[in-house]
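With the hints as constraints, model all of the structure from the sequences given.
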Amino acid sequence: MTGVAGTIEAEKSRDIRKRWLLSLPALLIILIAATGPLLIVLVYSFLTPGPYGDVQWLPSPDGWISVVMEKDIFDGTFSLADAHVSIFIRSVVLSLATTVLTLLVGFPTAYFIATRPEKTRELWLFLITIPFWTNLLIRTFAILEIIRNEGLINGLMLKFGLISKPVQMLFTDGAILTGMAYVYLPLMVLPLYASMEKLDFRLVEAGYDLYATPFKVLRKIIIPLVKPGVVAGSILVFIPALGAYVTPSILGGGKNLMLGNLIELQFGQGRNWPLGSALSITLMLIVMVALLVYVRNAGSQGSRHG
Amino acid sequence: MARAFSIRRQRGFTAIAMTCFFALYLPIAVLVFYSFNAGESLAAFEGISLRWFAQAFENQQVIDASIRSLQIASVAAIVATIAATMAALATTRTEPYRGLTLKYAFINQPLMIPEIVTAVALLIFFARIKIWTGYSGLGYLIAAHTAFCIPFAYLPIRARLENMDLTLEKAAADLYATPWNAFRYVTLPLLWPGILAGFMLAFVISLDDVVITEFVKSAGQDTLPTYMLGQIRRTITPEMNAISTLFLLLSVCVVTVFFIVNRKRV
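Protein sequence lines correspond, in order, to chains F and W. Take the first sequence: its letter number 171 is residue 205 in the numbering used here, and every next letter is one higher. Take the second sequence: its letter number 2 is residue 23 in the numbering used here, and every next letter is one higher.
Quick caveat, the hints were computed from the structure, so don't treat them as lab data. Treat the hints with care, since some could be wrong.
BS3-like, lysine-lysine: derived pairs with alpha carbons at most 27 Å apart [unchecked claim]:
id, chain 1, residue 1, chain 2, residue 2
1, F, 261, F, 232
2, F, 250, F, 232
3, W, 151, F, 52
4, F, 52, W, 124
5, F, 153, F, 232
6, F, 254, F, 232
7, F, 46, F, 153
8, F, 52, F, 199
9, W, 191, F, 46
10, F, 105, F, 289
11, F, 261, F, 250
12, F, 46, W, 151
Note that the coordinates shown come from a computational prediction; the quantities given were computed from them, not determined experimentally.
See below:
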């Protein structure tokens with residue numbers, strides 16, 4: 035006795051089968067050319083480096099140990115790998131600084147756009163979107179041209195006699211920070227704008243009716259209401275900044291490395307693929323933690339409002 | 022002096038926003054300006070000329086890299102858009118079923134993993150395949166680009182689908198349209214702006230990619246961005262500015278079209 039319920043069940047499972055079939059190409063492409071190879075990285079991180087790059091199929095924990103430790107070549111004792119640790123710290127500090135800087139500039143900018151009349155708002159938004167979709171390499175190159183020794187800033191300062199010889203700005207941590215803040219700024223403004231657009235200004239009005247100062251309104255009403263946008267923007271800036279490769283390699287030069295450059299080095303001149311793999315997995319884990327924090331935060335926000 | 026009180030006003034915000042827009046566009050403006058420099062130097066402007074554009078157009082490496090970039094971006098964006106459209110149809114307008122969340126996570130996965138990690142993974146994986154098969158053509162780059170383009174193509178298509186009116190398709194079904202005809206004559210035309218937007222996003226994303234391409238490419242497979250990266254690390258002439266200006270122009274055109282297509286959404 036299947037009856038009507040049975041037919042509906044059959045219909046449903048056929049629909050689900052069709053849906054799996056439809057999504058198969060996308061899932062397969064991503065599995066082969068994005069997700070699957072990550073597992074190989076995990077395997078490689080436990081192998082022995084080959085003499086000319088690549089790996090030998092001998093299990094070894096050295097890749098992971100050298101992420102933070104250094105083996106003394108004479109007596110085999112371990113000590114903290116200062117170079118790696120300082121690169122880790124630099125990456126995290128620079129990424130956090132980039133996030134804070136873009137937030138400080140991006141918040142007022144997003145607020146400005148959100149409070150424009152409907153007609154002009156779209157134009158301002160368009161002006162933020164253009165840099166967002168133009169090549170990151172070109173934008174980094176543009177910053178390079180401004181801050182290098184023969185660049186615009188030094189050129190102008192020399193011309194007006196403010197300095198007698200160019201100030202070295204390129205190849206410093208400051209250069210990396212400036213560049214990253216510049217290229218990732220739209221990633222902060224767009225989600226901030228998205229949550230400010232929905233801001234209910236009657237609440238702001240109520241604040242003023244109760245004799246709040248503009249600053250108090252900002253701190254007690256506006257910021258708490260747009261917090262999801264602040265969190266989303268911060269995550270969107272922090273994650274790519276942490277794994278940045280192009281911007282630090284152009285503006286930081288060979289000495290001021292970040293994690294991305296350290297990883298590249300292991301697959302290039304370093305010829306230590308297991309270490310490079312272990313570093314990649316480490317970077318991925320840090321990003322996962324950041325994402326988890328975001329998901330938990332977004333989840334609690336959603337339940338409070340909805 | 023007293024300005025009318027507005028509840029929307031926050032002191033200093035407008036000034037910061039203006040500074041922000043200025044800072045966002047100044048470097049790009051300088052870059053474009055110097056591409057018209059008649060002189061060799063990037064420090065002094067010696068009059069307007071198109072010599073660097075002419076030089077870029079005569080540079081065989083630039084031409085080859087540009088053609089390669091466009092080839093990869095076209096194929097990757099088309100394949101990614103088709104796969105993303107199918108995936109969007111499969112993951113929207115349904116009650117949750119087993120594996121749906123997994124599908125979402127999987128499709129968006131390339132957005133979550135740092136690009137450098139994916140690049141390294143593909144370097145390792147494709148190096149193995151190259152040894153096994155002996156094939157070292159553009160296929161690897163196209164496969165890699167297709168994969169990271171899928172989530173970008175998927176987002177606007179899915180958004181469009183979710184805002185679409187279901188009744189029209191029901192009406193088609195009531196009038197005895199076959200599922201394929203209902204899709205072909207009702208769903209597809211309605212979905213078209215989303216598909217177009219997805220395709221353009223995927224195209225720009227593929228065209229701009231540096232990191233994954235840098236790791237995956239074999240010798241002699243430079244795309245325009247990886248060629249530029251190599252040049253920036255060596256010596257910089259205004260030719261780089263000229264190439265960047267043309268590249269910028271292309272991006273701005275695509276973004277403008279994208280904006281217009283997306284605005285027409287009903």
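Structure-based check of each hint:
no.	hint	verdict
1	F/261 to F/232	holds, 12 Å
2	F/250 to F/232	holds, 20 Å
3	W/151 to F/52	violated, 35 Å
4	F/52 to W/124	holds, 14 Å
5	F/153 to F/232	holds, 16 Å
6	F/254 to F/232	holds, 17 Å
7	F/46 to F/153	violated, 46 Å
8	F/52 to F/199	violated, 70 Å
9	W/191 to F/46	holds, 17 Å
10	F/105 to F/289	holds, 22 Å
11	F/261 to F/250	holds, 16 Å
12	F/46 to W/151	violated, 43 Å
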